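Using the sequences plus the hints, can you model the full thing?
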Amino acid sequence: MAKMTLRLWILIISLVLALFMISPTFKDGITIKNIEKDSKAFDSGLRSGMIIEEINSQKINSLEDYSKVSLIFLNDSSEKRISILTDKDSFIFLDSNISSITAGKLQKSNIKTGLDLSGGARALVKPVNGTLTESEMSDLVEITNQRLNVFGLTDLTVRSSKDLEGNNFMLVEVAGASPRDLEELVGKQGNFEANIGNKTVFVGGDKDITHVFRDASQSAVYPAESLGDGTYISRFSFTITLSPEAAQRHADITNLIPLDPSSGGQYLLENLTLVLDGEIVDELRISSGLKGQVTTQISIQGSGTGTTPDLALSDARAQMHKLQTLLLTGSIPYQLEIVKLDTISPSLGEQFTKSLITLGLFVFLAVSIVIFVRYKKIKITLAVILTMFSEAFITLGIAALLRWNLDAASIAGIIAGIGTGVNDQIIIIDESRSKDGSGLKEKIKKALFIIFGAFFTIVAAMLPLFWAGAGLLRGFAFTTIIGITVGILITRPAFADIIKKIGEQ
Amino acid sequence: MEQHTNQENKKHWYDKNYKKLLVIPVVLLIICISYLMYFYSQNGDIIYKDPSLSGGTTITLRTESDAKNLELSLKKSLEDVYVRTISDISTGKQIAVLIDSSEKPEVLEPLIEEITGQKLTDENSSIEFSGPSLGNNFYRQLIIAVIISFVLMSLVIFFLFRTLIPSVAVIFAALSDIIMAIAVVDFFGFRLSAAGIAAFLMLIGYSVDTDILLTTRVLKKRGEPVNSRIYGAFKTGMFMTLTGLIAVIPAFLIVTGLPDSFRQIFLILAIGLSADILNTWLTNASIIKWYAVHKKLD
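Line by line, the protein sequences are chains P and Y.
The numbering of the first sequence is our numbering, which starts it at 472 and goes up by one.
The numbering of the second sequence is our numbering, which starts it at 4 and goes up by one.
Treat the hints as calculated values from the structure; they're not laboratory data.
Source: prediction; values computed, not measured.
A hint or two may mislead.
Part of the chain P face toward chain Y, derived, beta carbon under 7 Å [what the hints assert, rightly or not]:
1) 698
2) 702
3) 763
4) 765
5) 786
6) 828
7) 837
8) 935
9) 937
Just so it is clear, CB atoms sit at the ideal spot from N, CA and C, and this is done for glycine as well.
Printed below as a string of structure tokens:
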């Protein structure tokens with residue numbers, strides 16, 4: 472066994488650290504993404520992040536298993552004993568169902584993949600008129616984040632992004648949301664007004680609206696009715712609580728409105744009009760009993776349509792959910808435009824991921840064969856394979872550490888990085904075997920000059936990608952630069968030592 | 004012994020002909036530039052852009068519907084629409100189709116649903132939309148990025164060699180790589196995405212390593228004739244480039260069903276690296292040999 476040099480130790484330590492960063496698991500199960508506070512499951516000690524392995528002795532290997540069990544519970548509303556076995560401990564509680572737990576796929580490692588590989592939606596949003604200042608942008612990011620959270624999206628990133636020309640964008644990425652939701656939630660200003668005549672009674676947001684009821688007792692979707700022309704309509708209603716000021720405004724305004732004689736004095740002459748971003752959501756008659764009353768509880772109504780009763784019902788449900796979200800979170804003071812909207816199917820993404828992994832293996836294989844054919848030395852070939860693998864592995868480790876989302880372009884960057892690595896190794900091998908008079912040390916020094924030259928040209932060439940195109944191609948530049956840096960600092964020095972050892976033997 | 008004389012002859016031949024060899028890439032470069040000028044006059048731009056750069060929609064649909072038929076049917080209602088297939092090469096089975104158009108998703112979706120009889124859902128399809136202004140904006144910025152990248156690379160080269168002619172030779176070779184790669188991409192009618200243009204930045208950084216190798220060997224290695232320095236560099240450099248090309252091949256011949264952005268990056272690198280063989284070993288080598296003869300580096 473040859474003596475281990477410092478550089479080899481650095482390589483080994485880096486590999487161990489990378490393994491630790493990636494921390495792959497081979498467990499089956501699902502993770503708890505979110506758990507409602509004050510729920511019985513929460514009180515029993517279950518927490519988000521735990522891995523569910525069994526529920527009532529039934530093995531849970533996938534999300535499908537989980538939804539099956541969850542559905543069985545939902546079908547029977549009686550309280551029952553639920554026992555959940557997790558990776559940490561076993562928890563038992565009494566509840567009718569497990570809907571307080573939001574489950575997610577178990578992450579097999581800390582490596583995060585980009586939207587094009589994992590599926591999800593991405594929107595790039597820009598104010599319609601001009602640009603926003605830093606603080607306006609951070610307000611926008613905050614409101615949007617809140618809105619999407621209230622809507623119930625958990626796996627999301629919202630950030631501002633600047634491009635080469637100084638335009639600022641807001642980038643919203645959601646794992647697994649349907650496109651429609653994102654478009655409406657992100658692109659809409661969400662300017663909600665309730666008007667009587669030309670006077671505004673209250674607007675969306677927590678200044679006028681102190682509470683929006685979302686539970687079954689005070690929010691409902693009604694069975695669909697046929698409109699006769701092949702479409703169906705389903706109505707919804709839910710209650711909100713107004714702030715005292717808004718309630719007083721309601722009293723003052725209604726006080727001045729006369730009764731409508733054609734309704735026999737049952738209603739007021741003017742209606743309450745609900746307007747969202749300039750469009751009328753619904754018009755409600757105001758019963759005479761409310762005239763001049765300080766009312767804090769108001770019923771908001773609307774409807775959804777569809778070509779079948781079921782579609783109308785689900786549309787109504789979606790509309791209600793959206794309206795509730797907008798009422799809770801208020802409006803964004805700028806008009807927005809969605810300039811890019813991508814929705815990637817998770818199953819296509821899965822296919823892409825599989826193809827990329829297969830390709831990675833083929834590239835390894837092809838390069839190893841070529842190296843062996845050229846040098847006909849198994850030791851050199853193994854050394855090259857080891858360095859290629861180390862470089863890829865350490866790069867992935869760093870990506871996992873930085874929680875970098877690896878998209879397809881990033882994977883191309885990793886492979887290209889390995890390619891540069893192989894080139895450098897070829898240079899080292901050939902320099903060290905060249906027959907000029909200088910010593911091995913001198914030769915390797917010359918090789919390092921070429922390698923560092925190539926390194927700096929790639930870094931310089933890739934840098935502009937960090938800013939161009941709203942930074943959407945940042946991953947490509949990032950993984951390439953990380954990959955070749957790992958090469959230069961960790962694997963290449965170790966490889967040079969290995970070659971020296973092989974040369975000495 | 005015979006091999007030795009052979010090599011002697013080769014050296015002799017190279018000494019006589021290196022300037023003539025320079026003619027080949029220069030002629031090719033002129034052809035490429037003329038083609039690009041013609042292309043520009045026809046299309047108003049130097050490349051074909053896909054919807055991520057020109058604005059429009061790309062829909063990837065998991066379907067067994069025939070791509071050709073789909074394209075023909077769509078062409079009845081839309082002017083510019085392109086359909087390609089993504090298939091699994093081991094089974095030859097079609098995995099999905101890729102539909103490009105400058106239309107908005109709202110226009111494209113119902114048409115596709117009608118023709119294929121498949122409802123587009125989150126599960127079976129991906130939809131990517133870029134507004135026209137954003138596409139233009141991306142395109143303009145990526146072009147600026149390519150220029151900045153080129154300038155930064157040139158600065159690094161000047162810093163490394165600190166002599167005018169050898170540095171200019173390297174930079175000229177890199178420029179030729181880019182121009183030839185664009186001409187080939189245009190000639191085959193590939194429509195570039197944002198990722199495809201980003202690949203040019205990588206090409207700028209990646210293609211100069213053989214030039215650096217060549218220049219370093221010629222300028223810094225003493226005690227060996229210039230010709231054998233060039234030949235030594237050629238053996239190493241060609242092997243580097245060939246390894247790179249072989250690594251790229253599986254992406255086109257063996258593994259399919261790869262994301263389009265990924266394929267574009269590999270395609271540009273493959274074309275660029277092929278052009279680089281010519282530009283390093285004919286263009287750059289001839290110039291550096293000329294320089295070495297002039298400076299009597301032998």
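Query raised in the report: If you check each hint against the structure, which ones fail?
Result: 1, 2, 3, 4, 5, 6 and 9
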